[in-house]
Each structure stands twice: as structure tokens, then as C-alpha cells.
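A.B. asks: With the hints as your guide, set chain Z onto chain U.
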Amino acid sequence: MTNIKIFTNKFSSVQDVSLPENCILFHGVSLDDRGENALSLDDTKASAKLKITYYHETMRLSIGGDEIDADNCDPLLSQYINLPIVFEATTLGLAELYCAIRSVIKLGVKKFDVLYGEPAGYTQERPGGDSFALSNKIVGYRPIPNAVVDLSSDNVEAGVFFLGYEPERLERALEEYQMISSKEVKVVFGVPAFKPGWELNSIVPHLSSLNDKSFEIAYCAANDPSAAYELLEKTKHSLSAESQMFVAPIGTKPCGVATALFASMNQNQVGILYDHPDKKLKRSSGLGTWHKFTVVIS
Amino acid sequence: MQTIIDHSILAKTRAEEHPADVWGKFFVPPYFNTLGLKTATKSTYLVGKRGCGKTMLLKYLDYHSLFSRNRTAIPKEEIEHIGIYWRVDTQFCNSMKLRGVEEAEWSNTFNCYFSLAIAGEIIRSLKYIASSSYSEFTSAQFDNMTLPSAEDYSFPTDPNDLESHLEKTRKAFSLWISNLSAAARPLLPPGKDFLDSLINDIKKIPGLDKICFYIYVDEVENLISYQRRVLNTYLRHSQKPLIVSFTSKELSDENGTTGKESISATNDYNLCYIDNLMTETERSCFFAEVFLGNLDIAGGNPDSLLLKLVRDPSSLEARQEKAHREDILNRVKLKFPTKEHKQFAVDAMETPRIQNILRERISKAISKKTTKLTAEEFLKGEFPAEAKAVLPALLSRANNRPEFVYTELEKYSKGKPGKFDNWIHNNLFGSLLELYRPYRTYCPLYSGFDTFFSMSNRNLRHFLILSYKVLEMSELEDEPEDCFSIEIQARAAYEAADQLIREIKTFGEFGEQLRSFVLRLGNVFKTLQTAPSMSEPEQNQFTINSGARSLSPEESLFISEAQKYAILIEKLETKAKNTASTDITDFQLNPIYSPYFMISYRRKRKIELSVEDFHTLAMGTEDQYSDLASSVYRKSELQAGSQLGLEL
Chain U
19 MTNIKIFTNK FSSVQDVSLP ENCILFHGVS LDDRGENALS LDDTKASAKL KITYYHETMR
79 LSIGGDEIDA DNCDPLLSQY INLPIVFEAT TLGLAELYCA IRSVIKLGVK KFDVLYGEPA
139 GYTQERPGGD SFALSNKIVG YRPIPNAVVD LSSDNVEAGV FFLGYEPERL ERALEEYQMI
199 SSKEVKVVFG VPAFKPGWEL NSIVPHLSSL NDKSFEIAYC AANDPSAAYE LLEKTKHSLS
259 AESQMFVAPI GTKPCGVATA LFASMNQNQV GILYDHPDKK LKRSSGLGTW HKFTVVIS
Chain Z
-13 MQTIIDHSIL AKTRAEEHPA DVWGKFFVPP YFNTLGLKTA TKSTYLVGKR GCGKTMLLKY
47 LDYHSLFSRN RTAIPKEEIE HIGIYWRVDT QFCNSMKLRG VEEAEWSNTF NCYFSLAIAG
107 EIIRSLKYIA SSSYSEFTSA QFDNMTLPSA EDYSFPTDPN DLESHLEKTR KAFSLWISNL
167 SAAARPLLPP GKDFLDSLIN DIKKIPGLDK ICFYIYVDEV ENLISYQRRV LNTYLRHSQK
227 PLIVSFTSKE LSDENGTTGK ESISATNDYN LCYIDNLMTE TERSCFFAEV FLGNLDIAGG
287 NPDSLLLKLV RDPSSLEARQ EKAHREDILN RVKLKFPTKE HKQFAVDAME TPRIQNILRE
347 RISKAISKKT TKLTAEEFLK GEFPAEAKAV LPALLSRANN RPEFVYTELE KYSKGKPGKF
407 DNWIHNNLFG SLLELYRPYR TYCPLYSGFD TFFSMSNRNL RHFLILSYKV LEMSELEDEP
467 EDCFSIEIQA RAAYEAADQL IREIKTFGEF GEQLRSFVLR LGNVFKTLQT APSMSEPEQN
527 QFTINSGARS LSPEESLFIS EAQKYAILIE KLETKAKNTA STDITDFQLN PIYSPYFMIS
587 YRRKRKIELS VEDFHTLAMG TEDQYSDLAS SVYRKSELQA GSQLGLEL
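Respectively, the protein sequence lines represent chains U and Z. So that you can map any letter, position 193 of the first sequence is 211 in my numbering, and since no number is skipped, the others follow by simple counting. So that you can map any letter, position 193 of the second sequence is 179 in my numbering, and since no number is skipped, the others follow by simple counting.
Careful, some of the hints might be misleading.
What the hints assert, rightly or not - Quick list of in silico lysine-lysine cross-link-like pairs, DSS-like style, CA-CA up to 30 angstroms:
| id | chain 1 | residue 1 | chain 2 | residue 2 |
| --- | --- | --- | --- | --- |
| 1 | Z | 512 | U | 155 |
| 2 | U | 252 | Z | 512 |
| 3 | U | 254 | Z | 154 |
If you're looking for bench data, these hints aren't it; they were derived computationally from the structure. None of these values were measured; they are calculated from a predicted model.
Next comes chain Z alone, as it looks inside the complex:
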């Protein structure tokens, strides 16, 4: 029997599904201390794709978490970092353009809006801190404080009055923006000066002299250019006690400010790509910790040893210990077991349905050749399973005479060196995929922690979706909870891929187009994978290296959108050609989608596409796409004959 699992906790794979206070829910990532966010003296720009843990990190840094009602002891120095996580409403900000108003005026308005919103948050944060367990600043101190500078801007000096006044102003501002031609412009705080004056007043309050506000503006890349220039100006002039930092999916292409200067990494801010802050070992251990930790919470064990460790920034060093890592990885690997590929071949050969599939495919392959050998002879019990599994592909190749393959097979089964070592190495994975293809939604290759980790491709959210799906299906099947069967893991991998492909529709303006592109590209790889000769197994990448023209701006935009949402993963390959070197970009279809098409999740081989082919995949009609798919398949089959020298 399983223990009862609270699925509402495991369903939360996105930070936005958590409330503002994530104290006790945030698992400190291994890179946390290296970021040095809590003591930074200048801005930080965090760049990370969906699912990398960026929003959860920001929620943790926000005052709602670090001064949480659930935090019983808050150190004195916590006041030196008051994080304010500000996620902009892009449709509201988008209304601050055109409409008969000059951009310079909008720029001024947006500056006022930013200071209005942040000033409100600053006062609210103080109120929140005053009512927390932080002992250096109490509610009485909050009520008794005054902010004399506010008067200079015709705002009240009492903090409670100021808070309500700022709220009213924000309402009036919103109404003015909505009804630009009819409503009156409210009196607005003028921008950074107002924030600086306010913070100077706050610093004069006993106990708050070291106060420092860190504003984290999320999704900054979705703002209009002039708005980014306004925020860049804040970023450029950031210093204690007011530091404005940015986060976004991709680095903003606007470096200008409202003045003549521009901003640059290192000079003005620390640029951090979250994905690059962990080694693969650290990442795999962290993913495992998050899964195992959440499992403890969901299982009603919120104070487990592991949870205490992963929630505490001071335990990061202990978590780097080899023994800890080994323990975590062993635990997670026990839960997500898998087998060697050769063992999968043995299992397959013991399955009557697969035996029939194999017999039928071998018969079909040799029926096209002149031979006296039969399928039964190739399938003799003494021959190793992994060698039998690759036979349909080998026997389908034009230049492989059945007798030659048979002789090699005998050599291999006797442990003598021969061609089969290489053939198995190159073809076993693809051959197993093909043997299981008739099962449609199940292939045991998609199992094991390491496989799930590879398929997640650095994306924590994808890893959690995969592993929670396994848990959910395992519960439905009433399996024991200490170890998930390979079958459940593989079926869950398909379900997760299906869910994530459907989700692509929500990826911005090109969502539907991107989804259709993934389905088309995946099907092209699937079609190539199913070619009987399997001359190029495990193709799941492409490169655009020919065509009568270069990529159009529309096509380039499409590729950048696909990369932004990590549908395509880019790998720059530099190949020296004569004296000049040419950069070739390979794009891999995100391996998380691979179970849906039953293609390989491993980065192996690529296909070459022309610009026109790419256009068809991304934007062509269904008819154009069908023509392309058949021509790619034909080309691959033609190459099967000519590439035999490669002996794949």
C-alpha cells in the first residue's frame, strides 16, 4: 500500500502557482551564494528560460518570503536586503504608447508609474516587516515613523496615510491611462528622486539605517523599448540603498537609457545566465533533491532531514559533499530504475509480440534478396538478443548480403571481433525504438533518472512534470512507492510529452505555429527513424545550410521564438574550412518531446535542410509539408545505398 500523497503540492510545477510567500517551499539552488544577490552593490540581470527556477528564486528573495509570517527567527542583517518582486502587466504598459501622445511624454509617465508602484511596495514592505518576527522594527515603530520628504511632493508624511494615498493615486493613474481623453491626470511622484528621498527618510529611522531595497523587475523584455530605456536608467544608476535588477527569458536588446549613455554588462550590471550557473552534476543532484523534497512534503513529512538541508542557504556546502550527492542520486535512481540497452533487447526478445514483429521484419528484408537463409535461422536462441534486435535494419541495407550478416552474427555470438560490435553500438537504440513502435505510447528506453534528466534538458519544470506524472500513474496502478516500474515511467514520459506539446499553443503570438512546427519536425524525424534500413539512426537535429536565399526576417524571428521557448535547442558548431571558419548552427528538437514521436532523446545525428525546407516546416501548407516529408524520406533511403561505407 502507498502512503497518501497530497497531489495539490505535486501539481505545482510553476512558481506562479505558489503564493507570494514561499518561505519553507523554496529549495536553495547550488548557485545561490555565488549570485550574491543579498549583498550586491550593483544590479544583476538574470536570464533564464521557462522552467529554470527564476520566478521561484525571485519570490524567495521578495520580502513576503524573507520576512514571512512562517519564519520564526529573522536575522538582524536581513534588513539589508528587502527584495521587491515586480512583475509588470504588459498589456497595461502596452497601452502607454501612441494614442496621440509623444513618446517623450510617455517616457516621463512611465517613470512616474514605476516610482508610484515601487513607492507603494516600499511602504507595504515596511508594514509587512513590522508585523513579522523581525525584532528590530515593530508595528509601533512603523506607526510612529514619519517621512518628511513626502511633503515636498504634496504627499502625506504619515506612513499609513502615505500608503493609502499612493494606492488612491495608483487607482487614479490606472483610470487616467484607460480613459486618456476624458480623465484627469493625477499628481504623480516624479520618479527616482521621489524614491531616493523616501528611502533617505526611512534610513534615518533607528534600526533601519542599513536598509537597502532591491527591486527585481521580471519579464523586462516584454516592455516597449522606451519603457526599457527608463528602467535601464534606473539600472545604470543603481547603488545601495536602491538597486534595480532585471530578469527575463532572454537578454533584452535595448541597451539605451533615457539619457545619452547606454548600459553594458560588467560595467553596469552582473549578467547571469541561470542555466550556466550549475555544472551538470550539481544540476542532476539539485533536480533529484527537489523531487525527493517535494515527495516528503506531499507525503506529510514537511520537516524531513532532506528538506531542512535544501531549504537552508547555509547548508549549501554540505550539499556539495560527495557523500550527500551520492546518497541523493542513489535514492532517486532506486526510484527511477532502468536497464542497460542490451538488457532491454533481452526483454524484448522474450515478448511474443516483439518476437513476431522481428520475425516479420527480417522475413520482409530477406525476401527482397537472393538467399536461402530464413528468418528462423537468424533468430536462433544462441544468438545474443542485442544482435537480433538490429537485424531488420542491417538486412534492409542494399549492400549487406544476408550470408555476410549471418557469418558476422555467428562470429559475434562466439565472442569474436567483427562488424556487429559497431553495428550494435550504432543501431541498437534506434532498433529498439522501432521494435516498440507498434506499441505507440510505450518504449522502455524512456526510463531511468539519467534518461529523465537528459530529456529535461536543464529544465527543472520539465523534470518535475515527468516525475510527477510517473508518481500519478504509479498511484493509479497501485504500484509500490519505493520504486517506479519501467513501464509506468515510459508511459508517463509519453503522457508528459503529449501534455507539453499541447502547451506549446500558449507560447506567445506564434504558439499555434510553433506547435504545428514541432509536430511536423517530430514527424519528419519519426519518418526517418522508421526507414527500414535505418541508415542514419537517431536523427533529432537539423541544420539549415543550403537554399537559394538566406533566412527572411520572419523566419529568423520564428527561430528565435522557438529558441526562446526552448522548443529548439541551439548548438553552435564551428567547422574550419580552409583558412576561414564557418559557424554552423545545429538545432535539436527539445528531447522532452521525443517520447511522443518515439525518437531518440540523445543528441546524435542531424539532417540538413534548405531555407525553403525550413520555411515549409515552419510556415508551409499541409500539402507542401507532405511533399517535403516524402522527399526527405526518399533522400534518406537513396543515401542508404551510397553511405554504406560508413557502416553505421
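If we strip away everything but chain U, and leave its shape as in the complex, we get:
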């Protein structure tokens, strides 16, 4: 049986993070202070830095200068699997993380690192307001190859939503996919949050939409992919044989990392429901704690 372990190291500054010798650093786009900081990481030890982008309209993936159907990205990534692999998850989006992580796991990689930097604060819509300016536009729930499930089928029994600061993302899923209401749904808040008190920013705006639902409410540390993974495992164990579940990682990135790992490890049982937000520039400010999650598969 395959096991997965996630070891966490914390750093007060990205400068303290040392990359493995000769590693491949996969990254995304910088949108804020922590993104800039992440991309300014001392990469003298890295043999290559490659940007990954997922195009939801075409379901294609670009890695460095190459572009291919996301279904067939294994050959592109196979050339890097003999080197230590690091995913810079502050800048990588959820779809990119999933496609690349699934592929390297499938290609037999047993150990890789995932970096993530917390911000000092998120940008509010109005100073003193209770909503946050994190996305320009939220495209909507669109499939990611290898993580597609048919929600209209009774075979998809359960679902887990990792919730963040944007209640409209959950509301839209429930509005557009009304069949979700008939499934076993768990909504997960990031508690403890990155900082004490931040949990209210996600709990309070969701109260009205959860008010009349019979969803199970759960909590899991916002910055701990290991705890999130464990929570997902519990839901999986509650499924009947051969049934499926979906995960909607619309909360913190560490929960997104757990989702990407979980869906990769359980490809036939788990789908991802994701809405591909067009993230705002300067959506967060300042720098918080840095994490290096080392994933070991045995």
C-alpha cells in the first residue's frame, strides 16, 4: 500500500529556505509581495527554474517553453524526475500544482518539496470592510483533466469544500451544481488560521449561505497540508466501495496542496471542483511565515 507523509519546516524568511542542490524549481506568476519574494529566492543551487501555466479554456499546460494537452504532460515532466523537484506553491495555481504533482507522482517520484509563503495581510475591498479583493473575475467551475467527476451521477457520494475568504465561490458551486445538495458535503474552515482572528474572515461571510444547509462543518489548520490530507482520507473512508468524491479547494493554498496530493494519489476516486479565479494583483501584502512541505511517498 502506498503511503504519503508530509513533513513541514517553517522559516521566518524565504532567505532561510535552502533549495536542494541541482533542483528543478517549478513556479507560477508573482502577484504580490510574497510572490515577488518567492521568485527572488536564492536559486543558485537550482539547475532550472520553469514556469507552469494551465489554460482552462483548452485544458492545456505549458511548462517552460513547451505546451501540451494536460492529459499528456507526463513526457514533458519526465525529463526532470531524476533531479530534486521543488514546487513554489505561493505562485503556482491549484490547477498547475495538481497537473504537475499528479504527473511526477505517476512518473515514480518519491520525494519532492513544496514551498509556500504566508502573507502579512490580505487586501480588503474597503479599509475596515469585511470583504476582500482577491479575484478580478472567477471564471467558474471548469474541469482539470485526470480529476474530473460527474456530479450528476449518484456514484459521486461526497464532497469536501475547503473554504476561504470568498463566500461567492461556494455559493456559485451550489447554485450551478444543484445536485451537490443531495451529496454528503463537508465544509472545512481553516482553523487555526494563518493569524489569530483571521478565521472569522472566512467563517462570518459563509454563515448566511450555510444557514439552511445540512452540511457537516469541519476545521483544519489553514497552513497544514498534512492535517487537510488526513481529513480528506477520513471522507474517503466513509465512501461505499468504488464510489467517488470531489474536493473543492477554494480556501488556502496549503489545503490546495493537500487536495492536489490527495487527488493524485486517488485518481480513480477523487475529482477536483475548481473555479479558476483570475487573481488580483496585490491581493495580499507583506510577508509572513514560510513553509517547506517535504512530501515523501513510500
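C.D. replies: Chain Z alone, transformed into the frame defined by chain U:
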């Protein structure tokens, strides 16, 4: 003391919040029989915006409801309509494109997927019917039946085996679609032929010879074009015993099929716009019935006379009776009372805070003019309240000398004809809104059943949200349940508007942009409404009739999204100009949002916007929007002088 109300029932303002079986919960709409869905011989395409009751209707028609465990007697002919409500998962269907596969192949795959899903539902529906109180088909008959045609497609002929085989195939299909490059394609049923063969087998079973399956595909407009073409082919070839019907928020723009033909309304399907199926009288009575009926259920009276009546399709005629309608409307109007506008003016004049506001505004208006008259003279007790209420606006107008207004006021108070009749008619509503503006979340004009009905603008869900909010707040205040106070109604209207504006964020890809547009447009109307002279009261519509260019595709798409979600309500106004006629479209901001901005919910006046102005409201930066808002306001104030001839 109030009776205990079960709020979980009243919280359900959306059909999806109800389980598949809605037997006993569905209130039969007045148009139900005219649709003739249960006996249709060809397809129906139902078009209705959010909140019109479309999904609840489909859930009622679905076999889970019509063969419900809660239905004690099911007539024999019910077998002639087995409804299957199929709501597609659009993200799953969206994965059936590109990915290195030709569209023709995807088209074939989608066809197989549809037949696989529907075949599974057909077998499940029979099993469900067999275990219901329907006496013509039993569980033993289900277990003993065989479907010999299935063998031709390498599927089992025993119904239980076939059901589990179809389920397994569907799982395998889903895995194949997800892992297209790695998983194997399962053996799939080939499409319509498979469904036809299956149904032919079923028809041979004693008692099922008249069986007919009606498939209702919901939200068809969200599918990819080629998928709609596949379903259009089913629609075009629909006939008893397999009829595929569609529903969507707006009519699909794909008329093609997988062959050379295309589909058209009347020839291939009955096109029904749900909103147009009721007269306003029928609608208001139906809304009232739904509210009063749900109140009975929530109050623990699930078998009230009213509920028996509204749940029974055969009682539709009785519900059309004038006496029934009057009774219903009287009952609901007693619960949601209101007053004449003139009476609201009297109430306002008796409120010290409003007296002060009025005095201050009159003083301010006359301070800019040369007059010896004082505010106190205008506010004499003998002058009627409705006339005093409009004074700030009248006295702020450049050409209205205070002495002239005063003379007219005296004439009006003595019952003599004069300008005040018209002034009050045009300005009282707007003036009352302004007098209550400092209260921010409360204006008594937003009260009364008729007002709530107008504000709901044909949307049952909006009406229920409004009225349940009233109920909820009334309970918190421990008010008597037989009649809701005007204050509670008005405050609830604000709360409902606030909730519904927040909800706009979830309206598709442009949700946030649409919300910001509503806030901007509403604020422009509010700003115009607050102009002291109120030269154009109650503006809540706009028309785009100028600009250096026509609307871009992006802007047109934005407008159609706003219409799709009923944020904007379109009214086509044809104005003859010389020999040619020009169509001008007026857009009204949905009146359900009006209490949030304290603007009028009545369709009254419009503003004219250029294409560029519209662009700014829909897509401009905050700075561009601020500039636009101030320029619209300035323009309105400038017009105040020039339009006095209109004597609004």
C-alpha cells in the same frame, strides 16, 4: 403570542433545497394545465429566469414526485407520463471537448453518455414505480421482467442486472473521461437506438403498454454547442414513447442538429416562456397562495383547506373563481398592510425628526432666494401634509418664486384647482423617499402586498424572500402574526435587497462585475433622486442612445448577462420617427434592489446614457465612475432650470 413557525420550511426559497420528491410541496401554478406536459406528443422548451418556479415544476413532473412514497393513490394513467428530470453537470460535460479528440468523436461520445444516463434512469424509474402505491406494476413484476433487446448491445436482460451494469458502465465512463490518455473506453450504449429498443421491450410488459418517458433536460444552454446539437437531434425526433424536452434561463442559440436539419419552435417543439403564461392577476394570486400555503405548512397545519386546493391540479378551475381570488388577496393584503401616499405624508409630518428635516430643507431652499417668507409660514398646520412634503423640491427649482408657491399652496389647501395637484402627483413619492433618506434603511413606501408584488417583478423567489424576511423580523420583534407592521415590512425590504445584491456575486463569470454595476447604477439613480430640485423624480431606468460608437461585443455580452440574471429588465419602446421607426430599449434596474438605494420601484423615468457612460458603469475604474456620477448629477441640475416648462 405567535404560533411557533418552522423556519426550515420558509428558508427554502429555491427548488434545489427540496429533495427529489416534492409531492405535497408543489403548488400547482395557474398555467399548469395549459402546458399540457403530461399528455404532450412533442417536445416542450420551457424558458424561465431564476426564481420563476421552473425547477420546482420539473421536480414535480419527475417520477420521484408523481410516484412518490407519500402519494397514496396513483391513477392508472400516470404511467403515460414518466418524467425524468436530468440536470447536467456542466463541468463534466465541458471536459468532453478538445484534449486531442475530434469534435465528431466527442459528439458520438456525448450521445452515448446521454443514452447511458437516461437508460439508467429509465430502469430506476420502473423500480421506483414498482415499489410505489401504483397498483398496475409491482415489485414482483419488475423482478420478473426481461429486456431482451439489451442483449443486442451486450448488456444483461434482467432489469436488476441491467441497472447495476449501467451503473458500472457509467462509473467506467466517468473514469475514462477523466483519464482520457490512460483509461480504456468502456463499451457504451450507442445512443437513441438503445433507448428506443429498451422502451419497446418495456411496452411489451403487461400493464406498461401505454408507458411514455418524458426527459426534461435542465440548463441546456450551458452545454457546449455540439452537445446541444446532439440533444436537438433527440428533441427533433421526439415522439411517444420517448420525448425529450428542454428548459433553460434563456433560449439556446444553437438550432442545429447532428444532421443537416435544424430545429424550430412550433414545428419541432412548443416554446413556452414561463413568465408569459400568467396574467398579472393570476400571478399575484398565485404568489399570495404560495406564501399563505407555506405559512400553513410552517405553522404545523399541512392539511389546510388552502393547501389541499393549491396542490391539486384538478382544483385549478376553482382557483380561477373570482371569490377565491378575492379571498386570497384580501387575506394577504391584511397581512401586508400599507397606506395611501398622502397618509404616509401625514404620518411623516407627525414625526418630529422629519418635521426638522423638512424645516431645514425648506429654509435652505428659500435662503437662496429673495423672499420674506419663512419656513414656518410654509409649514402652517392648516396646509395639507402631502403639499408640505413636496415643498423642498418645488422651492429648490430656480424658476419657482417662493411667493408663487405659497399662493398655490393656499389655493390647494382651500380645495381650489392649481398647480399643486400636478406637483403632488409627480413629486410626492420622490419627496417621501427623500424625507426618509436620513433613516437609511427604512422608508414606509416599501410596504404592502401590491408593492412587494411590483418589487418582485414576476419573480416568485424574490417575493418569497421578501415576505419570509418580514415574517422573520416580525417574530424577532414579537409582533402579532396576523398583520405585519409597515415598519417591519419596510425594514425587511431593505434587508432582502441587501441580501440579493450580495448574491449577485454568484451570477456566473461576471458576478462581481455585475454586482459592482448594480451598486454603481443604483447610486447614480440615488444621486439623481437626492438632487434638491428633484426635476426628474423616480428615475430608475436608462437607455443607451448616444456615443461615438456602437456597443462592443463585450458590452453587449455584459448586457445579456445582466438580463439573463434579471438584474436589468428590458422594455422595448418603439418610437416612430418620420417614416422610419426606431426601436429604443429601456433597461430598468430590477426593482427588488430599490430599497437598498431608497429609489423608486415604480417604472417611471429614465436617464439617457452614451455607450461610453455605460462602459464606465459596467467596466470603468472607480475614478472614471466617480467622474461619470458627478457629471450625470451636474447635467440633471442644469436641466432643472431648462425643464421647468414641464412643471414636474
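A.B. asks: Next, verify each hint and record whether it holds.
C.D. replies: Going down the list of hints, with the structure as the test:
| no. | hint | in the structure |
| --- | --- | --- |
| 1 | Z:512 to U:155 | holds, 27 angstroms |
| 2 | U:252 to Z:512 | violated, 52 angstroms |
| 3 | U:254 to Z:154 | holds, 19 angstroms |
Hint check: a violation occurs at hint 2 only; the rest are consistent with the structure.
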